[in-house]
Amino acid sequence: MPPSPPARAHLLPLLLACLWASACGPVADDDGGRPGSEDPLEGPFHPVVDLRADVNRNGIVELDNPTEDEDEETWTAERGAIFLANLDDDEDACPFSMDPHRLSDDALAQCHDAMDTVVNGESDLEDLARLRTVPWPEAPAGTVGSVIVSGAAGKKVRLFKRVRGNFISGGFPDTVFLSTAEVRRGVVLAIEGRDIVRDPEEWDGFADVVLTIGRNNPHDPVFTDTVRMRVAPVVLFHHMTPAWNVFVSKPAASIEANQFRQALGGVLADSGERMVYSEFAVDDLWAQDYFEPAYMSMPAPGGRQHVMQVHYRAPHVYNTDANAPLRAAGRIAFWLRGPDNAAIQQYQQGMSMASQTLNSFGNTEVIPPYEKDGVTYPLGRLFRGRGPDSRPDYQPDPSFTKMLEAQAVQPPIYVDTSWLFVDHVDETFTFLPAPTPRGWIALVADPALARRMLQDAQARGHGDAKLFAGLSWAYSIPAEASIAEVLDNPELMDASAVAALEIDTQLSILREETGLTDADIIRVPFLFQNASDGVTAYQPATLNLLSLTPTQVVAPDPHGPLIDGEDPFKARFEEALGAHGIRVHWVDAWAPFHIAQGEVHCATQSARQVPDVKWWEGGR
Amino acid sequence: MRRALLRGLCAAWMLVSLSAGGAETPRPDEDWRTGLKANISRARRENPAAFIRFDTAAAQVDALDAKKRGPLAAVSPGLRALGPEVMWPMVERLAFPPQETSRRPSRESARLAFQVGLVEATGALRDLRLAPLWKSLLEGPDTRPQVLRAVAGALARLETLDAANALIAASKRKDARGEAAMEALGLCRRLVATRALADALDARPEREVMRRLAKALGDAGSAWAWKTSGVQARSEEGAIRRVAAEALVRAYLDTDGDVRRAVSDALLRVDAPQTPTLIEAARLSAPPAQQAELDALAERLRHNPLR
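So the sequences go chain by chain: A and B. Residue numbering for the first sequence follows UniProt numbering, beginning at 1 and increasing consecutively. Residue numbering for the second sequence follows UniProt numbering, beginning at 1 and increasing consecutively.
Check the hints yourself; a few may be wrong.
Each pair of labels, with its calculated beta carbon distance range [stated by the list, open to error]:
#1 B:107 with A:349: 20 to 30 Å
#2 A:376 with B:59: 53 to 63 Å
#3 A:92 with B:174: 30 to 40 Å
#4 B:143 with A:323: 42 to 52 Å
#5 B:239 with A:437: 27 to 37 Å
#6 A:349 with B:174: 20 to 30 Å
#7 B:59 with A:405: 40 to 50 Å
#8 A:253 with B:299: 49 to 59 Å
Computed list of chain B residues with no C-beta within reach of chain A, every gap over 10 Å [stated by the list, open to error]:
#9 64
#10 70
#11 73
#12 80
#13 111
#14 169
#15 224
#16 227
#17 234
#18 289
Hints were generated in silico from the structure; no laboratory data involved. These numbers come from a predicted model, not from an experiment. Backbone N, C-alpha and C define an ideal beta-carbon position, used for all residues, glycine too.
Model the full assembly from the supplied sequences, consistent with the hints where possible.
Structure below.
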C-alpha cells in the first residue's frame, strides 16, 4: 500500500540508535547482513511501508493478494487478523502437582508457552500468528525499520522475527527491529498473546501492530503502516455439537460413585459414538463445577480453525491458605494443560464464602445460537446465575465475571439463582439440539406440573404409591414416601411453590432475551424441598443431564411412583424427548449425587466438538 | 391482680403445652434443661438403639460433607429419615454438646452442617417441649447465620403464639439474630407473626430487608402450604393470607428491581382471594404510570403458575 502520511514517531530515534548499536536484540537477517556495512543514504525517500497479516482470514499471509491489505487498520466481522493467547504447554514442560504446598495456586497458573521468550517447538510455532513486511528491494542504505505493538497491547503480546529459519524474540517483547537488508528483503514475523483479555479497562484485546520505516536521522520523517489484530476470545461450548471427551471424578472411597462411573462408561460404549472417557482421581464429585472446557481459535488454511483447547479453573475461593486459596479439584485444569491445551485461572478474594457456589460452572451454561430482532448470537449466549442486586456480597466472582464478559462473543444472560440451595442454573434449565425451526429446545423445571401429576395420580386412587422405593437419603434409612404424604407435606409444597415462581421469573427473562415460545419449551416435572438456605430438588432433576450427541442424553432415574407398572415421570420425559428424536439413557444418580444436591450433569463434564461457525464472523 | 394474671398466663401456657407436647411437658417453674435431661435419660433407657443409630449417622457426616455440592452438606434429610425416635439423641447433642476434643465430625464445615442438620431435623418434629431449647439457642453464643436461621425456623415451626412472640421480640434486634428471627416469622403461620411482618414492611426498610420481608410474607400466606394438613392454625388462614396480601400490594409500588420481583412472587404464592380487589383499589388511587405497573401485576396474577 502507499506509505501513510509521514508521522513523527517519538520512539524511532531511540530505536534506530538501538538498532545501530545492535544492543536491543537480534538484528541479523536471514543472510546475516549488518546494516552498518551499507553505503550512506542518498537520493529521495519513497519507502514501501507495508505490513501484512492474515486480514482476509484465509489462514495465510499473502503479499500478492490485495484483499490482505484492505481495511487492515480496522477489525470487523468481515475482516481483521487474529492471534492466539499462547497459554498451552506444547512441550509438556510445566510442572504440576495436586499439592498446593509443592506448587501454589498462583505458581501453577504462571507457566505456559508465552511465559518465555522462545518458541517451544514446531507445535508451538503453529500457535503463533504470522505477519510479514513487504520487501522494498530499493531501500536506500541507512533505511531502518521497526515493528511495534502500540498501546496497552504491548504488554500483552510478544513478537518474533524469523532469523535464519528460527523465530527469535528480542529484548522488548512488543518490538522487532529491521535492518536495511531486512527492509529490502522483507521479514516474516510471528505474534503470540501472553494472555487473554481479562479486564477490558486494562486491555480490550486489540493489538495495533505498527511497521515504521525511516532513515537513521531523527530529523527525517518516518512512514508507518498499521495492522489491527485481535486476540482470540475463549469460547464456551453449547450442546449443539457432540461431546468428544466426557470427564468424571473418581473418588477413592465412594462405592456409589464408582457404580455410576461404570454405568456411564457402559452408556458411552453403547452410544455408538467415538468418545474419550476421562476419570480424575479426585475426591471432589462435581466435575461440572470445578472446571470448564472451552476453546480459542484463529483462521487456518483451507477454511479451517486452528484450535487451542482451554480449561477454565473455577474461581472458588475456599481457603485462607496463601498457597491454596482455591478449590483443590480445580487444579485438574492444569493437569489437562499440555500441547494445544491451555489452562486459565482468575479469581478475586473478599467475596463471601456462601457466594462461592455461584462460581461453579454448573452455574455458567450456554444457550445455543439464535437470532432475535435481527441480532444474531452465532455462538449462543452464556446463561449464568447470580444473587439479587440488593446483595452485593452474594454475586459470582467479579473478576471472573469481567473476564467472561470481556470475551464478548457470548454475551451473558443473568437470572437470580440465590433462592436455590446450590444456586446453579443447571438445576432448572438445560438446552438440547432438536429438529425444530429454532434448532434447539429448552428443558425447564416445573414443580407445579409435578404437583399436578401427583394430584392426578392420587385422584385416580394411587395415593399410596411410593416415590423413591428402596432408596435412602442417608444412613440406610428409607427415603420412600407415598404420593399422599408428599402432597400433604407443607414444607415440600411451599418449597415447590417458591421454586415454581422463581423459575417462572427465570423463564420470563429467557423468553424476553431469546424469543423462546411454548413450542420451544419442554416442561420437566419435579418437586423441590427446603435445604438450610434455599431449595433443592426433592425428586431427581431429570433435566440435569449429560448431552452426549444431538440424539442421545444421559439422565438421572427419577425414581418416581410406579403407577400401572410405569413411572409417569420417566415416561413423560422419554416421550417429550423422543418427540425430538432424542434417546434417554437412564442411570442411577441417587446415592452418589442426588442426596448431595446434584445429578448427572453436575457429576460430569464434557469437551465438545468445536462448532463450524467461526467466532470472528459473529460481529462481536 | 398481677399475680392472678400471671397464674392465668401460666395456665394458658400449660394448656398449650399439654395439648401438643405429650406427657413430658416441663412445668413453667422447672428448669427446662433438667426436663430435657430427664427425657433424654428415659429415652436412653427405653430405646438405646436409637442412640446407637444416631451415633452411626453422626459418624457419616464427614463423608456427606466431602460430597457436598453447595456451601453446606445437607444433613437434615437423612436425620429426618431416622424418625422421631432419634429426637432425644439429637436434642442431647444440641443441648449438651460433647467436649471439643471428643466431638465429631472432624472438619469445621462438617460440624456446621451437622449443627444445622440437627436443628432442622429436630425442628421438623415440631415438638413443643423443645421451645425453651430453641429460644436458648437463638440467644446463645453460636452466631453463625446458618445455625441461627435453622434455630429460628425450628422455633417458628412450632406455630404457637409463644413462639411467634419470641420471634417478634428477637426480630427487633439489629443483628444476625434479628435477621434470622424476622425471616423465620413467615414460617410461624400465626396472625400475630404475619402482622409483625406486615408492619415491618410498611416501615419501608432498606431494600434487602424489604426483599426478605416480602419472602417471609409469602411463607406465611403460602397457598400451597395452607392446602396441606400440616399447618396448624387453620382458623387464621384467611386473615393471614389477607394481611400478607394487603402489605405486599401496599409495598409493590414502592419497590423496583429484585425487591419488586420478590413482592410480586410473594403475592402469587399467597394468592389471597382479595388480591385482585386490592390491586384494583391501589390502581384507582395511583397515577397513570403506576397504573400500568399494577396492570402488569394483575396480569401476572391472572397467569399465576401455581394455580
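A quick look at each hint next to the structure:
| no. | hint | in the structure |
| --- | --- | --- |
| 1 | B:107 with A:349: 20 to 30 Å | holds (22 Å) |
| 2 | A:376 with B:59: 53 to 63 Å | holds (56 Å) |
| 3 | A:92 with B:174: 30 to 40 Å | violated (58 Å) |
| 4 | B:143 with A:323: 42 to 52 Å | violated (29 Å) |
| 5 | B:239 with A:437: 27 to 37 Å | violated (51 Å) |
| 6 | A:349 with B:174: 20 to 30 Å | holds (28 Å) |
| 7 | B:59 with A:405: 40 to 50 Å | holds (45 Å) |
| 8 | A:253 with B:299: 49 to 59 Å | holds (54 Å) |
| 9 | 64 | violated (6 Å) |
| 10 | 70 | violated (4 Å) |
| 11 | 73 | violated (7 Å) |
| 12 | 80 | violated (8 Å) |
| 13 | 111 | holds (14 Å) |
| 14 | 169 | holds (23 Å) |
| 15 | 224 | violated (4 Å) |
| 16 | 227 | violated (7 Å) |
| 17 | 234 | holds (12 Å) |
| 18 | 289 | holds (21 Å) |
Checked against the numbered hints above, the structure breaks hints 3, 4, 5, 9, 10, 11, 12, 15 and 16 and satisfies the rest.
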